[in-house]
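Using the sequences and the hints given, assemble the complete structure.
One-letter residues, chain by chain:
Number of protein chains: 2
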Amino acid sequence: MTKKQLKLGAFLSVPGNHLAGWRHPDAVAETDMDFGWYMRLAQMAEKHLYDTIFFQDTVAVAGSDALKAGDMTRTRLSRIVKLEPTACLAAMAVGTSHIGLVATATTTFNEPYNIARRFSTIDHISNGRCGWNLVTSQIEDEAANFNLDTHVDHAARYERAIEFYEVVAGLWDSWEADAFLRDKDSGVWFDVDKMHFLDHHGKHFHVRGPLNVSRTPQGRPVVAQAGSSEPGRELAARTADVVFTAQTELEAAREFFADVKGRTAKYGRTLDDIKIMPGITPVIGRTMEEAQEKYDQLQALLPDDVALAALARFTRGIDIFSYPLHGPMPDLPEANSAKSRQKLIMDMAKKNNMTLLQVARSVSAAQGHRVLVGTPEYIADELQEWLEKDAADGFNVICNYYPKPFEDFSTLVIPELQRRGIFRTAYEGRTLRENLGLRVPENRYTAARRAQAAD
Amino acid sequence: MTKKQLKLGAFLSVPGNHLAGWRHPDAVAETDMDFGWYMRLAQMAEKHLYDTIFFQDTVAVAGSDALKAGDMTRTRLSRIVKLEPTACLAAMAVGTSHIGLVATATTTFNEPYNIARRFSTIDHISNGRCGWNLVTSQIEDEAANFNLDTHVDHAARYERAIEFYEVVAGLWDSWEADAFLRDKDSGVWFDVDKMHFLDHHGKHFHVRGPLNVSRTPQGRPVVAQAGSSEPGRELAARTADVVFTAQTELEAAREFFADVKGRTAKYGRTLDDIKIMPGITPVIGRTMEEAQEKYDQLQALLPDDVALAALARFTRGIDIFSYPLHGPMPDLPEANSAKSRQKLIMDMAKKNNMTLLQVARSVSAAQGHRVLVGTPEYIADELQEWLEKDAADGFNVICNYYPKPFEDFSTLVIPELQRRGIFRTAYEGRTLRENLGLRVPENRYTAARRAQAAD
Numbered sequence: 001m002t003k004k005q006l007k008l009g010a011f012l013s014v015p016g017n018h019l020a021g022w023r024h025p026d027a028v029a030e031t032d033m034d035f036g037w038y039m040r041l042a043q044m045a046e047k048h049l050y051d052t053i054f055f056q057d058t059v060a061v062a063g064s065d066a067l068k069a070g071d072m073t074r075t076r077l078s079r080i081v082k083l084e085p086t087a088c089l090a091a092m093a094v095g096t097s098h099i100g101l102v103a104t105a106t107t108t109f110n111e112p113y114n115i116a117r118r119f120s121t122i123d124h125i126s127n128g129r130c131g132w133n134l135v136t137s138q139i140e141d142e143a144a145n146f147n148l149d150t151h152v153d154h155a156a157r158y159e160r161a162i163e164f165y166e167v168v169a170g171l172w173d174s175w176e177a178d179a180f181l182r183d184k185d186s187g188v189w190f191d192v193d194k195m196h197f198l199d200h201h202g203k204h205f206h207v208r209g210p211l212n213v214s215r216t217p218q219g220r221p222v223v224a225q226a227g228s229s230e231p232g233r234e235l236a237a238r239t240a241d242v243v244f245t246a247q248t249e250l251e252a253a254r255e256f257f258a259d260v261k262g263r264t265a266k267y268g269r270t271l272d273d274i275k276i277m278p279g280i281t282p283v284i285g286r287t288m289e290e291a292q293e294k295y296d297q298l299q300a301l302l303p304d305d306v307a308l309a310a311l312a313r314f315t316r317g318i319d320i321f322s323y324p325l326h327g328p329m330p331d332l333p334e335a336n337s338a339k340s341r342q343k344l345i346m347d348m349a350k351k352n353n354m355t356l357l358q359v360a361r362s363v364s365a366a367q368g369h370r371v372l373v374g375t376p377e378y379i380a381d382e383l384q385e386w387l388e389k390d391a392a393d394g395f396n397v398i399c400n401y402y403p404k405p406f407e408d409f410s411t412l413v414i415p416e417l418q419r420r421g422i423f424r425t426a427y428e429g430r431t432l433r434e435n436l437g438l439r440v441p442e443n444r445y446t447a448a449r450r451a452q453a454a455d
Numbered sequence: 001m002t003k004k005q006l007k008l009g010a011f012l013s014v015p016g017n018h019l020a021g022w023r024h025p026d027a028v029a030e031t032d033m034d035f036g037w038y039m040r041l042a043q044m045a046e047k048h049l050y051d052t053i054f055f056q057d058t059v060a061v062a063g064s065d066a067l068k069a070g071d072m073t074r075t076r077l078s079r080i081v082k083l084e085p086t087a088c089l090a091a092m093a094v095g096t097s098h099i100g101l102v103a104t105a106t107t108t109f110n111e112p113y114n115i116a117r118r119f120s121t122i123d124h125i126s127n128g129r130c131g132w133n134l135v136t137s138q139i140e141d142e143a144a145n146f147n148l149d150t151h152v153d154h155a156a157r158y159e160r161a162i163e164f165y166e167v168v169a170g171l172w173d174s175w176e177a178d179a180f181l182r183d184k185d186s187g188v189w190f191d192v193d194k195m196h197f198l199d200h201h202g203k204h205f206h207v208r209g210p211l212n213v214s215r216t217p218q219g220r221p222v223v224a225q226a227g228s229s230e231p232g233r234e235l236a237a238r239t240a241d242v243v244f245t246a247q248t249e250l251e252a253a254r255e256f257f258a259d260v261k262g263r264t265a266k267y268g269r270t271l272d273d274i275k276i277m278p279g280i281t282p283v284i285g286r287t288m289e290e291a292q293e294k295y296d297q298l299q300a301l302l303p304d305d306v307a308l309a310a311l312a313r314f315t316r317g318i319d320i321f322s323y324p325l326h327g328p329m330p331d332l333p334e335a336n337s338a339k340s341r342q343k344l345i346m347d348m349a350k351k352n353n354m355t356l357l358q359v360a361r362s363v364s365a366a367q368g369h370r371v372l373v374g375t376p377e378y379i380a381d382e383l384q385e386w387l388e389k390d391a392a393d394g395f396n397v398i399c400n401y402y403p404k405p406f407e408d409f410s411t412l413v414i415p416e417l418q419r420r421g422i423f424r425t426a427y428e429g430r431t432l433r434e435n436l437g438l439r440v441p442e443n444r445y446t447a448a449r450r451a452q453a454a455d
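Quick mapping for you: the protein sequence lines, in order, are chains C and X. When the count follows UniProt numbering, it moves up by one through the first sequence with no breaks and lands on 455 for the last residue. When the count follows UniProt numbering, it moves up by one through the second sequence with no breaks and lands on 455 for the last residue.
Hints listed in this document are in silico derivations from the structure and should not be mistaken for laboratory results. Fair warning: there could be bad hints in the mix.
For chains that are exact copies, the list does not tell them apart, and a pair is met inside one copy or across any two.
[Claimed, not checked] Derived BS3-like pairs: lysine-lysine, alpha-carbon spacing no greater than 27 Å straight-line:
1) Lys389 <-> Lys4
2) Lys184 <-> Lys194
3) Lys47 <-> Lys3
4) Lys184 <-> Lys339
5) Lys194 <-> Lys68
6) Lys294 <-> Lys404
7) Lys194 <-> Lys343
8) Lys3 <-> Lys389
9) Lys294 <-> Lys184
10) Lys294 <-> Lys339
11) Lys404 <-> Lys184
Source: prediction; values computed, not measured.
Here it is in structure tokens:
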């Protein structure tokens with residue numbers, strides 16, 4: 001019997017997910033704005049058979065409110081500028097041929113027609129390898145760039161996101177696969193019976209359609225989702241092909257996995273229709289001791305005040321700087337953004353009885369994701385355990401800096417996973433759906449016509 | 001003395017600008033949705049030293065209101081779907097190295113932060129070859145995809161466009177060129193004195209900034225503009241590096257050229273700061289007779305009712321189908337969109353005493369642009385005359401179908417222009433600004449600092 005296979009995403013967190021990673025002697029600090037590096041990393045990921053390249057996104061300089069208030073610590077936080085993800089996907093499509101290309105785009109500050117069109121186009125350019133990570137905007141800085149004084153309320157953002165998804169998915173069905181005849185003899189360009197107006201009239205959107213892009217090579221782009229709050233889980237169960245999540249504990253991860261998959265049935269979906277992929281940050285050594293030394297070396301590059309500034313992104317509502325560094329982590333008021341990440345941080349702090357500084361340094365190192373410090377065998381053991389215990393379908397690999405940790409995971413851990421028979425040795429197909437083992441969704445109108453014909 | 005050099009744009013109007021062009025036996029009708037063709041055409045354009053690839057854009061299926069009303073003639077109009085232009089630019093940047101990459105994006109249904117970011121990113125990906133064609137949306141179909149029942153008023157669209165440009169240009173100055181230090185020793189990532197908040201508070205937009213993309217390789221993307229109405233000309237004089245326009249008559253083109261350039265001074269700009277490029281559609285034969293036969297062959301592929309449906313896009317407010325085909329072109333009520341194109345059509349009809357059908361067939365053939373039917377020498381004569389008589393700085397080459405007419409112009413007319421010494425034989429530089437002969441704009445804050453230091 002074939003073993004369950006794990007999926008791997010390369011999470012491109014340039015110049016590094018660890019906030020001091022770029023200061024490492026091996027780090028290329030310029031990876032944030034140099035597309036040549038983005039492409040080399042994508043090609044490396046494809047060479048090592050990752051399922052996807054994945055881009056997070058923020059439509060603001062994170063921490064700019066604090067900068068505006070004069071907090072100079074922020075000038076030492078590295079993730080300030082980067083390239084816009086959808087443009088990167090399109091460009092990467094040309095330099096790669098198999099890997100999936102997934103980017104985040106917010107439902108809070110975009111229009112669904114524009115998003116449906118752009119991702120659909122990238123699916124055409126890449127011959128069916130595109131994915132859209134549907135999010136609601138998480139930080140207050142973003143609102144200020146889009147005509148708002150304060151951030152949109154969490155519940156309202158999710159309400160808009162659900163309707164946004166319905167519009168995008170509807171627009172993706174505007175044209176049936178065989179709608180375009182391009183018949184030179186008759187002069188008929190398309191079959192009007194296979195063109196469909198959406199005529200959506202909802203609370204947030206009025207969108208007539210049709211989309212001005214034809215049906216894509218994999219039916220429609222893959223949809224990923226990254227929210228882990230209650231409405232986030234519900235939206236994922238309803239809409240997502242892939243779920244990215246931050247999980248640090250096996251039991252909590254198993255609970256999340258079962259909960260999200262358990263919600264799919266009421267939307268007419270199966271457990272296999274959704275792939276759950278927690279993030280992991282590997283720190284790899286030939287021995288456990290060498291790995292720990294590497295991690296300690298990184299942490300030594302991180303000043304305490306920078307760590308605290310990084311934590312402050314998740315602690316709105318209290319002045320984190322006014323608490324004693326070596327005292328307990330203070331309680332936080334209920335958040336309007338990044339709710340689930342905030343809860344994860346508090347749970348970690350309480351469970352491990354951590355000081356404020358310890359929490360800050362941990363968040364700066366991994367942004368709430370699981371850090372795996374050890375040998376390739378140890379890391380493979382951990383991934384295999386989570387896979388076999390139904391805590392994950394795969395993992396998003398997040399690197400502390402580039403390119404060395406990414407090379408290490410690719411050349412040391414992936415071969416170990418392959419030896420164990422839990423990771424591919426060649427791509428299964430050419431489209432992202434084929435490689436992830438996802439069904440090609442049928443156009444709703446084609447399905448209706450088929451159902452009618454069968455009657 | 002070196003002769004004045006003309007600029008050439010390749011206007012990618014897939015599957016063909018002539019509405020029946022795709023029916024020609026030589027035409028590849030699938031060029032509209034096949035990115036492989038987009039890339040081949042871009043590479044061909046670069047091989048023949050064009051300044052730019054240029055994409056028009058519409059955020060709707062044009063004519064979908066008529067389709068919704070049951071007008072089946074529209075199923076024979078070919079320009080229904082195509083790939084989203086900015087994704088295409090990003091992808092083309094990877095397969096080319098010198099040609100400029102220019103795409104249209106509307107100010108009516110986008111947010112300035114998103115546009116500033118995307119074009120700035122493509123400028124990074126292409127190492128300084130990107131341009132943004134700033135337009136206001138032209139057709140009613142677009143409004144229906146963006147929450148509106150009727151199209152935004154012409155004056156209001158221009159008012160928004162002007163403010164949109166100010167925000168985008170402001171965001172492009174968020175970071176001075178040397179803002180990022182990435183200093184591993186000190187741990188300082190950027191120089192806060194070289195980061196700037198925009199803090200824009202206007203009628204249409206409130207945008208704080210800064211943009212989360214650093215200054216681009218050519219300072220900022222080139223800005224093109226395509227409106228020719230009164231507010232369109234004013235906006236162009238104020239904002240545009242390049243102006244695309246439809247001009248069919250030498251005298252009118254000279255008037256437009258002098259008028260737009262004449263308006264630049266009050267914005268502190270010079271005549272050379274703006275390049276004016278009318279569209280031309282070439283039909284090339286070895287003899288004048290052969291060229292005319294080719295044109296007649298294309299026109300024979302165009303049914304009268306399809307021609308009329310094409311004209312109907314420009315005749316809102318009257319039922320064009322109720323007028324006699326062979327009677328005079330009826331007068332039109334004042335338009336809310338494509339104002340200058342509509343005026344061009346009416347002027348042409350009156351000047352040449354054309355019937356409704358003749359006007360419809362002419363519009364279907366060239367969408368109001370100038371058709372040049374003749375030998376390579378004849379076409380070169382015409383281009384040279386317009387260049388020397390200050391009617392144009394260059395031309396946007398628009399093809400009836402692909403790829404043959406594009407190959408013909410590239411291999412027959414361009415060498416003739418080169419023999420005459422009015423077109424380059426090698427690219428002057430690597431960035432679009434270098435090739436167009438445009439200055440690199442200085443960051444406003446860098447300029448202020450320099451001015452202060454000089455005092």
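Hint by hint, here is what the structure shows:
| no. | hint | result |
| --- | --- | --- |
| 1 | Lys389 <-> Lys4 | within (11 Å within a copy, 73 Å between copies) |
| 2 | Lys184 <-> Lys194 | within (19 Å within a copy, 58 Å between copies) |
| 3 | Lys47 <-> Lys3 | within (23 Å within a copy, 51 Å between copies) |
| 4 | Lys184 <-> Lys339 | neither (56 Å within a copy, 33 Å between copies) |
| 5 | Lys194 <-> Lys68 | between (53 Å within a copy, 13 Å between copies) |
| 6 | Lys294 <-> Lys404 | within (12 Å within a copy, 60 Å between copies) |
| 7 | Lys194 <-> Lys343 | neither (47 Å within a copy, 36 Å between copies) |
| 8 | Lys3 <-> Lys389 | within (13 Å within a copy, 75 Å between copies) |
| 9 | Lys294 <-> Lys184 | between (65 Å within a copy, 17 Å between copies) |
| 10 | Lys294 <-> Lys339 | neither (31 Å within a copy, 66 Å between copies) |
| 11 | Lys404 <-> Lys184 | between (55 Å within a copy, 17 Å between copies) |
Checked against the numbered hints listed earlier, the structure breaks hints 4, 7 and 10; every other hint is satisfied.
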